[in-house]
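S.K.: Work out the full structure: start from the sequences and follow the hints.
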Amino acid sequence: MSAGSIFTRPARLAAIAPYVWMVLFFLVPFAFVLKISLSQTAISQPPYAPVFDLGEGFASLGAALAALSSDNFHLLFSDDLYVLSYLRSLVVAAVSTSILLLIGYPIAYGMARLPKRWQAIAMMLVIVPFWTSFLIRIYAWINILQHDGLLNQILLALHLVSTPMVWLSTDTAMYLGIVYSYLPFMILPLYATLAKLDPALEEAAADLGAAPREVFWLVTFPLSLPGVGAGVLLCFIPIVGEFVIPDLLAGSDALMIGQTLWLEFFTNKDWPVASATAIVLLALLLVPLVLYDRLQRRQLEAAR
Amino acid sequence: MAGDLANTDIAATPAKTVALPDLIDMPLLRIEGVAKRFGGFRAVDRLSLDIRAGEFFALLGPSGCGKTTLLRILAGFETPDEGHILLDGKDIAQVLPHQRPVNMMFQNYALFPHLSVRDNIAFGLRRAGMTRPAIETRVSEMVALVKLEGLEMRKPDQLSGGQKQRVALARALARRPQLLLLDEPLAALDKKLRESTQLELMELQRRLNMTFIVVTHDQEEAMTMAGRIGVMDAGRLEQVATPRELYEAPASRWVAEFVGDVNLFDGQVASRDAHRLMVTTRDAGTLSVAEPRQPLSRSIVSVAIRPEKVKLSRRGPAMDGASAQAINRLEGIIVDTTYLGGLTVYKVKLDSGAMVRAAMANTARLDMDAYRASQRVVAWFTPDDCVVLEQ
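Protein sequence lines correspond, in order, to chains A and B. The letter at position 279 of the first sequence is residue 279 when you use the working numbering, and the numbering goes up by one with no holes. Here the working numbering runs 304 ahead of the position in the second sequence, where the first position is 1.
Check each hint, because a few of them may be wrong.
So the derived list for chain A, only partly shown, Cβ under 10 angstroms to chain B, looks like this [stated by the list, open to error]: (1) A200; (2) G209; (3) A211; (4) L223.
Hint data in this document are derived by calculation from the structure and do not stem from the laboratory. Since the structure is predicted, the reported quantities are computational estimates derived from the model, not experimental observations. Even for Gly, the Cβ is constructed at its ideal location relative to N, Cα and C.
M.R.: Take a look at the structure:
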């Protein structure tokens, strides 16, 4: 490296820090999970076999490697329980993300059109729920949705229903919880894109004879697609793996993959199958992640 | 003006009455007492203005004078609080922007970044419900008009500044609007490109025989392109005139100072005879000036003289009898010279302490005749070169 390089020693350290982080906290744990997913469950401590033990020499390591098998993955695809869980997760994520987009877009659009002073306040209002723990907010929803909860009290008081309705432990409650929890993740990227949009573009469209609806669909919406993409992925990916909300608000007749994984791990104590479930989930989520990455790269190129 | 002639039915109008259409025709655009307030700020203050069909009109003024607001009112992006806007006799003050037969070229072009050059130009045509082949034909016409052949499929971010400007112009012209509004159309171009584009815009306007209203803060640009200029300040029109009138016969002290450079001497009218006023000034003694066309209502006045109309000589002008009396002579010392290529501007400190600027054309390559600092000179000018302005 030449003397005039901007890559001085601290700068180089800073440049490799994210890689160190990724290796330590992502790649290494992933290797553990991958290895466990290829092992067999066993009544031992830890509850799987084989166990790599360098103390017993390299010969035993070879034997341990030979004992690894992909049986768990075969199980995942042969048992309906897992396939249905994956499917339910994808469906729940797709439905929730669609609802989030339908609700989030108008809110973000409205925010971006507020006077600058009010935009900061609106932004605060979107973020303020994060100041309370996520879990507490979900428990609050249980309180609202339960048999003698706030929602039923209001409905009864308004004479909209004559007997309390069942809300808790239904898909409706789960979707309510998911949409409520993820709304900021949909609004913020959409708002960021829409606020950056040059208002002169919409004026130019109107000037060229586009009615307000055409202005939106021909100019505003296409130009906000990067924000739509970011918001959709930011919601879709974590919702697929969501555990807490379906566990607390949905019924127990159909499980999302996060719940199935939890059952395997904590109830069945089947670490290998739980690990295999996690690996397949990761592989599934890699598809939208790669799509997102490509979208971002295309945007960067367009920005040049 | 070429634009006016082209719009007049020459066959039916005898040559002598070419100036008449001004009186008998309704103007294309009539702005009547239009006012717009933002909070307590009066952006446009009961402004009235007529613009004839085929005119190239410039709204000139410092930033914040209301010229852009007026343009946005014409485009429909702002609704006036008061007044009427008659386009071809119809009041459009409350008509929505997408329903007006007016198009605008935006300051930073506002090209749709997700659409190709072709689709940008076709945008307005598609909204107008033209058939596909008609759109194709018109787009090709516009592309040829602004010389963008071969770039039709490019996206705006693959174009240079000058090319973007052409796309914006083609897009705004494509619908053949009755009125084209141009908001600082050349501000984003560099100087050389700006000058050639000015000429192209004029050529285009003449050829299409369209009415252009251009907003600019650049007086040279306005002077070059426009047939008439409206000078705006604080939401009002200070003067509406041809470039020459604006420069040679400014209506107010403010206009004289805003358009070009000027020497001003404050004083009081001492006496008047046939065609001359004698004005006693504090800084330049008694000046003899031509009687203004409009009679003065007050005797406190300013005498304005453009620097290039102030001549310098070592001894004073050669005089013969009659004119000797009238010519204004001011003596002083040159304190500063600024060489500008074609011109040199001399700052002369008068014996009264006041400064006078004189601009002289450098007609000879070698500076044998140039004046030097601390040289004593006579600055002189004729009464006809002065303008009397009420304060």
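S.K.: Does each hint hold? Answer for all of them.
M.R.: Structure-based check of each hint:
1. A200: Because about 4 angstroms separates A200/A from the closest Cβ in chain B, which is inside the 10 angstroms limit, the hint holds.
2. G209: 4 angstroms, holds
3. A211: With Cβ-Cβ at 6 angstroms, under 10 angstroms, it holds.
4. L223: 6 angstroms, holds
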